[in-house]
Amino acid sequence: MNLILITEQVLNGVQFGVMLFLMAAGLTLVFGIMNLVNLAHGSLYMIGAYFATSFYQWSGSFVIGALLALPATLVVGVIVEVVALRTLYDRDHLDQVLATFGLILFFNELVAIVWGRSGLYTSLPEWLSGHVELLPDLRYPLYRLLIIAIGIAVAFLLWYVVTRTRLGMLIRAGASNRAMVAALGINIRLLYTIVFGFGAALAGLAGVMAGPIYAVQPGMGESILIQVFVVIVIGGIGSIRGAMAGALIVGMVDTLGRAFLKPLLALVITPSAAQSAGPALASMLIYLLMAVVLALRPEGLFPERGH
Amino acid sequence: MRGHRGLVVVLAGLALLALVPPVAGMLNQPFYIDLLRRVMILAIAAVSLDLILGYGGMVSFGHAAYLGIGSYSVAVMAFYGIHSGPLQWLVAIGASALVALAIGSVSIRTSGIYFIMITLAFTQMLYFLGISVDEYGGDDGMGLKRLSQFGNLIDLGDPVAFYYLVLAILVLTLVIVHRLVHSRFGMVIRAAKSNEARTRAIGFSPYAYRLVAFVIAGAICGLAGALYVNHTKYLSPHIMHWTISGDIMFMVILGGMGSTAGPVAGALVLLVLENLLSGWTEHWQIIFGPFLVLVVLFAKRGLAGWLAGGRHG
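Line by line, the protein sequences give chains Z and B. The numbering of the first sequence is my numbering, which starts it at 88 and goes up by one. The numbering of the second sequence is my numbering, which starts it at 46 and goes up by one.
Take the hints with a grain of salt, since some may be wrong.
The calculated lysine to aspartate or glutamate pairs, modelled on EDC-like cross-linking and capped at a C-alpha distance of 20 Å, are [to be verified]:
id	chain 1	residue 1	chain 2	residue 2
1	Z	Lys349	B	Asp179
2	B	Lys238	Z	Glu391
3	B	Lys238	Z	Asp182
Examples of chain B residues lying across from chain Z (beta carbon under 10 Å, computed) [unchecked claim]:
id	residue
4	Pro75
5	Ile78
6	Ile148
7	Arg154
8	Ile158
9	Met162
10	Met170
11	Pro335
What follows is a list of derived Cβ distance ranges for each label pair [to be verified]:
id	chain 1	residue 1	chain 2	residue 2	range
12	B	Arg346	Z	Ser359	47 to 57 Å
13	B	Gly70	Z	Thr209	48 to 58 Å
14	Z	Pro350	B	Ile221	43 to 53 Å
15	Z	Ala353	B	Pro335	46 to 56 Å
16	Z	Val248	B	Gly324	49 to 59 Å
17	Z	Ala382	B	Asp184	24 to 34 Å
18	B	Tyr125	Z	Ser359	11 to 21 Å
Don't read these hints as lab results, they were simulated from the structure. Beta carbons are placed, not taken as given, at the ideal position from N, Cα and C, and that holds for glycine.
Please model the entire structure based on the sequences and the hints provided.
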């Protein structure tokens, strides 16, 4: 294990963490403000990836594909909110979980009908597929660096919108007392739709960026969704800060665990035992971390104040 | 709770289930024995989930974990040449209870949405564990070398005998859960669901009661897992997939939460519908998904509520 390899894996961890954050931000906002558990958030990620891939193939330009996919995902998100989720705000969490579970089945099948079951594969355009020499001997893929940069930019933008703008003020007010916001003459339904569309676009952005790295296939949203749950449980539900911290922790622990647990275990136990125990333990690591965090702080690391 | 009408419906339903093998034999359609055996096995899982979900108010989104632990217990023991049915099934029940104790002791400290997500995440952890353990087939799973052996007592290889055994275990599960929720223990569980503060005020600690209920539900579901792996003759980590947890939850909702036998009807409707739709079109989930949404929005009381005609207790 050398320093180059470690640096590379740390960057991979940050990159994965950034993707998790984009998903977690939308999910945690929707939960914090509308008190809605939306399992179908992963479906929006999947739809973003599909849109980006097909628009890219259609237009021949990766950037145009991405720019078209974002508003398209936002529109899908708004339609889902207006048609299905709006009726669920007053229901209990069990109903929300079950209904959005039904939506997942629907979306996975819809995608399979439109694009087929086997999945889409795209390669990056030439100008994005190069490597950057960060340190001597450390060549890192340009595209992954771009993901990190966009993720950090979005995080700052989100922080600015939530803490410094009128819309952000309404969002925070809606989270702490929705009846009062409505009484002050704010159209709370419209606010909800905006927040939901916003979250959908963020999930779509994660999907757009995931397209060239991971396989674009039906059901791709669910595995990341459950990791995102771990993120927001660790970070504290409803908190953007918590989502950021949780996403980086989970992204890092998961990536480093997969990369280094096997060689580390091989130092302690026999290599053949490490061969099988390493991957098994690595895939469990983030869930064990979640259990530890919850045992110490049941409300997560950054519980949302004001409730 | 639901008086005579409920009992009559339940007994009539069980009698119909008992009639399935002779009728299927007469019509020369052994497929129905297979389908309804699967329905009953998952119904056992659903009844056990109803104990904590319907009566205890604990929305566990990870009940498939215990189906998995039960399945793995049997298949792994068979893998190492231990085929004794009683031993395998006892281990399945015991291991599921232990896992439920571990998951429950962390999860029950939380409530609401945290509880849903944590039970989901722990089950996902076990699912990934199953996928990554290559000795037992990893992602592909592995065949069950031999069915659980019960000597001369019963041969699970005989589909009809296995069917009646599952039916008997289902009836036993219903009786146990019914007795349990109407006992003092069950009163505390239900009281903690409807008002935790008052339950504390009269001197009960909901945590311990909930944990015990969680463990009992896990143990029963583990037995269902042991049955399931014998039913499919194949071990697959996908039995722990989160969609299976979702399916079991829907069986409870569709049947009616907090009615002992409701989940059996829920399992029947869900699996038969699934079977019909998937026979009709490859894209059956495009209909099934919205159907589930509509059930949640408009049929929350479930079949039990509809059959009983009125809402009680």
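Hint-by-hint comparison with the structure:
1. For a cut-off of 20 Å, the pair hint linking lysine 349 of chain Z to aspartate 179 of chain B stands: about 15 Å separates their Cα positions.
2. Pair hint lysine 238 of chain B plus glutamate 391 of chain Z does not hold up; C-alpha atoms about 25 Å apart against a cutoff of 20 Å.
3. With a CA separation close to 17 Å, the supplied pair lysine 238 of chain B and aspartate 182 of chain Z stays within the 20 Å bound.
4. The beta carbon of proline 75 of chain B comes no nearer than 30 Å to any beta carbon in chain Z, farther than 10 Å, and the hint placing it at the interface is violated.
5. At about 28 Å, the closest approach between the beta carbon of isoleucine 78 of chain B and any beta carbon in chain Z exceeds 10 Å, and the interface hint on this residue is violated.
6. Satisfaction of the interface hint for isoleucine 148 of chain B is found here, the shortest Cβ-Cβ separation to chain Z being roughly 9 Å, below the 10 Å cut-off.
7. Hint on arginine 154 of chain B holds. Least Cβ distance to chain Z is approximately 5 Å, under the 10 Å limit.
8. Hint status for isoleucine 158 of chain B relative to chain Z: holds, with the closest Cβ pair at about 5 Å, below 10 Å.
9. This hint holds: methionine 162 of chain B has a C-beta 4 Å from the nearest C-beta of chain Z, less than the 10 Å allowed.
10. Given the 10 Å rule on beta carbons, the hint for methionine 170 of chain B holds: about 4 Å separates it from the nearest Cβ of chain Z.
11. Given hint, proline 335 of chain B at the interface with chain Z, holds; its Cβ is 6 Å from that chain's nearest Cβ, closer than 10 Å.
12. Look at arginine 346 of chain B against serine 359 of chain Z: about 56 Å separates their beta carbons, and that is inside 47 to 57 Å.
13. The supplied range of 48 to 58 Å is met by glycine 70 of chain B and threonine 209 of chain Z, whose beta-carbon atoms lie about 55 Å from each other.
14. Between proline 350 of chain Z and isoleucine 221 of chain B the Cβ separation comes to about 49 Å, which falls inside the hinted range of 43 to 53 Å.
15. A C-beta distance of roughly 50 Å is found between alanine 353 of chain Z and proline 335 of chain B, which places it inside the suggested range of 46 to 56 Å.
16. A C-beta distance of roughly 50 Å is found between valine 248 of chain Z and glycine 324 of chain B, which places it inside the suggested range of 49 to 59 Å.
17. As the Cβ distance of alanine 382 of chain Z to aspartate 184 of chain B is approximately 31 Å, the hint placing it in 24 to 34 Å holds.
18. The hinted window of 11 to 21 Å between tyrosine 125 of chain B and serine 359 of chain Z holds, with their beta carbons roughly 18 Å apart.
Violated hints, in rising order: 2, 4, 5; the structure is consistent with all others.
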